[in-house]
Amino acid sequence: MSADHHDHPPYQAHHFDSMEQQNQSSMMGMWLFMAQEIMFFGGLFAAYMAYRFSYPAAWVAGASTLDVNLGFINTLVLICSSFTVILMVMAARKGSDKGIMGWLVATMVLGAAFLGIKYVEYTGKFDHHLFPGKNFDTHYVMGKMAAHPEKYAEFKGMGIDWVHELVGHESHDHESGDKHHGSEDDHAKEGAHGDAGDHGDHGGHALPADATAPLGIALYFGLYFAMTGTHALHMVIGIGIGIWLLVKTKRGAWCSEYHPYIEYFGLYWHFVDIVWIFLFPLLYLI
Amino acid sequence: MNFSFPTFPEAQSKYAEQVDWLYAYLNAVTFFFTILVTVLIVVFVTKYKRKSQDDRVPWQHEGKWLEITGSVIPFFLAMVMFFWGAKLHFNNRIAPEDAMEILVTGKQWMWKVQHPNGKREINELHVPVNQPIKLTMTSEDVIHSFYIPNLRIKQDVLFGRYTRVWFEADKVGNSHLFCAEFCGTEHSAMVGTVYIMSESDYQAWLTGEGAMAGDSPVEAGEKLFSSLGCIGCHHNGTQPETPALQGPSLVGAFGREEEMNNGEKLIVDEDYLLESIVNPNAKIVKPYRENIMPTFKGQVTETQLMQLIEYIKSLKGGEQTAEQKTGAAGS
Amino acid sequence: MATATAEHHENYLTELKTIKSWLLTLDHKRVGLLYLFSIVFFFLIGGTAAALFRLDLATAEADVLSHETYNKLFTMHGVVMIFFFLVPSVPAVLGNFLLPLMLGAKDVAFPRLNLASWYIFMIGGTFTLVAVLMGGVDTGWTFYTPYSSTYANTNVIMAALGVFITGFSSILTGVNFVVTVHKMRCPGLTWFRLPLFVWSLYATSLIMVLGTPVLAITIFLLILERGLGIGVFDPKLGGDPVLFQHMFWFYSHPAVYIMILPGFGVISDVMACFSRKRVYGYEFVAMSSMAIAVIGFFVWGHHMFVSSQSIYAGMVFSFLTFLVGIPTAIKIFNWTATMFRGSVWLEAPMLYALGFIGLFLIGGLTGLYLSTMALDVHLHDTYFVVAHFHYVMVGGMMMAWLCGVHFWWPKMTGRLYSAYWSKMSAILVFAGFNFTFFPQFIMGYMGMPRRYHIYPKEFEVFHQMSTLGASIMGLGLLMALCYFTHSWFRGEKATQNPWYAFGLEWTHTQTPPITHNFEEDPVVTREAYDYEDESIYTNEDKARA
Amino acid sequence: MSEAKKDHHDDHHDDHMKVYWLVFVGLLIGTVITVLASKIKLGGYMDVTLALAIAICKASLVLIFFMHLREAARIVKLVAAGTFLWLIILLAYPVVDIASRYWIAVEPGWLNPHAELSGPADTE
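Going down the list, the sequences are from chains L, P, W and S.
With the working numbering, the residue at position 25 of the first sequence is 653, and numbering never jumps.
With the working numbering, the residue at position 210 of the second sequence is 219, and numbering never jumps.
With the working numbering, the residue at position 231 of the third sequence is 235, and numbering never jumps.
With the working numbering, the residue at position 87 of the fourth sequence is 1224, and numbering never jumps.
Just chain L, same shape as in the assembly (with noise of 0.2 Å):
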């Protein structure tokens, strides 16, 4: 039955005159929340671009650390639970239970995949000693550069003139720079032995022995912790708020013309899927 002025069906709250009244305000009521959300990230997002600004090569040493491969599959794990929410609101329009409960699983899965990856993509900085702090080492971020000391040609000064030194000659001793590293001092040196095999891997340039990582590294993976940390929380509250759907849906909660919460699952996960859409090219493409 559509919303009639009239007659007040069971779900219509009793401060409310009509159901229309009641699905225009709570629908408005959604979109100022996401409002408050997109404002939320919008001051990571200040932080990232003022950054990004002063210290372009910090972000492409720091994005050279990020696996793409990973980011694009969950990239691509994120716009499919988004799609699967769509047929989820399709079927509550539709009116079918089934539906509902087989594509909000559908979606959660998908979204405990998504944080899947992401903790392995986690567990990888961690071991690195990308998380800034206390053990924070960039021996593993200098190494990706000497790899390929061509992509910074473009920056000057930063603190990373060694790399454009590498540029042309080639070289396979490691020792100077492991070395360099004991050298420095003792977090620093068990950084530098714990990263023995990725200095391994880049197969690229022996670090000299004043390198030295760009000027605000520490700041991309402050950013990229802080960034993909308040995603993932999201998307963990999103799994939570399925669950609690779930039990809801179970019980029969919804009929064609009354499944509000299903809607607006439906525009938080949307929301949460956009803010990654940006996530993936801004950390892990530049």
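The set of hints was computed from the structure by calculation and includes no laboratory data.
Given the structure is predicted, the values throughout are model-derived calculations rather than measurements.
Incorrect hints may have been included.
Here are the in silico distance ranges between beta carbons for each label pair [said to hold, decoys possible]:
hint, chain 1, residue 1, chain 2, residue 2, range
1, P, THR16, W, LEU485, 34 to 42 Å
2, P, ASN36, W, TYR316, 23 to 31 Å
3, W, LEU485, P, LYS292, 58 to 66 Å
4, P, LYS232, W, TYR316, 40 to 48 Å
5, P, LYS23, S, LEU1222, 39 to 47 Å
6, W, LEU485, P, ARG298, 29 to 37 Å
7, P, PHE92, L, LEU698, 36 to 44 Å
8, L, LYS722, S, VAL1169, 29 to 37 Å
9, P, ARG298, L, ALA837, 57 to 65 Å
10, P, LYS56, W, TYR424, 18 to 26 Å
11, S, ILE1193, L, CYS883, 51 to 59 Å
12, L, HIS642, S, ILE1212, 17 to 25 Å
Here's a subset of chain W near chain P, in silico, CB distances under 7 Å, partners left out [unchecked claim]:
hint, residue
13, GLY346
14, TYR456
15, GLN468
Yeah, the Cβ is synthetic: ideal placement off N, Cα and C, and Gly gets one too.
Add chains P, W and S to chain L, keeping to what the hints say.
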């Protein structure tokens, strides 16, 4: 004490006077509108006072004139403020070529100053009059703000960045030097004095020993103890002893046995005091940290060193020494 | 035209009496009262802190307090007063209580959300209080990095969490109000028939929704930086503390308008009622609220003229700041003009309203000093700034809040308070306030920096004036607390419309209102503030009958 | 709820589905394109700009179709538009500030604002 009641800061530079004129203009505007509105309120309240609850007010037609005048006039008054203020500010950003550069470093909680000839001072700034001075400033830790009220200049000081401010004082005299950005526990103690001196006096000061003549070594040492900022970190019995003090208490320190961070024990004697002043990080008393105390090498002459040590020796702690040590260890 | 029926029903206070019925209430009026009690509590805490350090500042030396204690006290004063008193004061208390009544609605759009935001508010408050009890915070309410993130060794994280959580309470309130204003207006209540109080609440709510999240994320990054060492603002890693200030003020300057705009609304309603006349230039006043809300977002940089932000950005910010001054000026003129050829009744609310105009005028004009770049360089972080924002926040907002509480108290509680004592306290607060903060303008221009515990001798006399004035103001406020408490329990019963005020909340429902607000759904047929409407004056007798 | 209405409802639903499929495919393609685009180095800030442009296209696809902005009420569209305006203010101002910060009063050499910062960030 002589009870003076100043209500206006001295203006010791041309720029300061210009700022005061701008201030006068805004005061004029402010007073005009404040009085206008106050008078109107009083008049209306008395003239249109409600006689009885049966009074009725007919619906009144409103013109738009009030809004138009009420927005156009303030707009022009405000634009005058904007252009005047912005121009004054902008013109005083770039120091003239012949400006003398003085380096200023803020750290919790003192101002360290270095003059072109390498002479250093702490919480004091001696500058010649009628000579453009460019201050190049940075911070060793948090944000501070370098503020000289009598020159109407202020500039935040940040770690890892150089901020600049310049001035040309035209009146001899002293001014306060404040840290205006909240920087921690002893923010309000991060103050000093700016001495604006005649060129000759300045030269004399640059080369001289800082006129301490006439005082006994202990008195002279006491003056130095506060003027050099030692008092900021070391308890000398005058200021409350708080855990925030970053250095060991010196009351009764002389002759006390102290344990160093490297574990060795030694009796505090003249040699140790001397070493701690010129090379503070050599031996640090437990549990205090390194790199807190700046070296005073080059800032104090041999005589002044002697005076300081004499003063520290004069700080007798008596029996409460032990309890002070525990108090200090609490930090 | 529909009016409330004569015989007295159960009202929203008497219908259910259990504690549970209060803690689980979905009634916007009760939520409003819950907020009232909570923020009075926070106000007392903040006030005590202020009293303590004002006492200590009476002499140039440190008398009672140590440096740490002083810093913790002024931080506590700032955090509590701003986030737990000023921001929620009018929107959460009066707004919650009045918005649906003024719109002729049964409740706000999302009653559950409304209650939830009160709980979130209380949780945030608890965190902050715990931070205080665990030894306090000493960063100042601005939490500037790197001091707050690296150097302070107090409970920054705990206090920041409190602010972070409370932020969401005001976001949700904002969402709730915007939707309510859009969707819950009763038939005939067009946008330009809305009371100006509703207009100002609407503008405020927009700022809350768009601004507060940015504060949230900034505080969140601060917590990450301090807790996990993710040094987003840490200069040692190349981070930019000035960026923190940008993000912080992106919310915290509009927040100033969150605090003052609802005050404008209260004053507009009260001026109209006690002059028995439509607010002069209704459309302009309404639109100026929106203008302030919008332009208010473009001016935050005027807090940063000396922070080493770009001088060019500074100039833009300075210019836009002057633009905000214009709509504010319009409001002042219109309020004054409202009394012209009116019928002015000097009851306590009116006294507060007049006091507001005077003090806010000075507050606003001194704001011009601080948006003038060259002057701000000298005045920034001095007592001039302190005096300025206290004139706006206390002289403006607190007066407006008291004004509103005095005005709507009979509607909330169904009881009257002593006319004599309320006028006395209004006068005491006004006088004490000026005595407290006017000397600080002089001090400020002489260069007395803010947040100083010990200070040069020449400022002592001004500080002593301040301390004296503060005690007078405190006396006035305590007086108010006393007669309100008395009125709550023993006060004389109020008639339906004791002020002969126009507005659905007065003319269309009993005092205090019933739980669902209106006997029959109201229909608006008159323009706003139509004091020719005789029902205003007749309801009186109907209610008595 | 007549049959006619129901059918109408259904084919409505179907052409919705067509659109969603198209959008879905579009998003996948968009993702591939960004990855490929990132392989070509345009230098300067061009790479970011390009990546952002593609991301914005994808985001607007999601907003307009998946989030039903297309058939949303006018006020909802207004909310969305307004928010993005505010977002731009927030993003633009700090960058503008940082960009213009050293236009004046920056001397070469040892007064370079970054000179003091020791290169590697791991100087705790």
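Open item on the list: Going through the numbered hints above, which ones does this structure break? Give me the numbers in ascending order.
Closed with: The structure conflicts with hints 6, 7, 9, 11 and 15, although it agrees with all the remaining ones.
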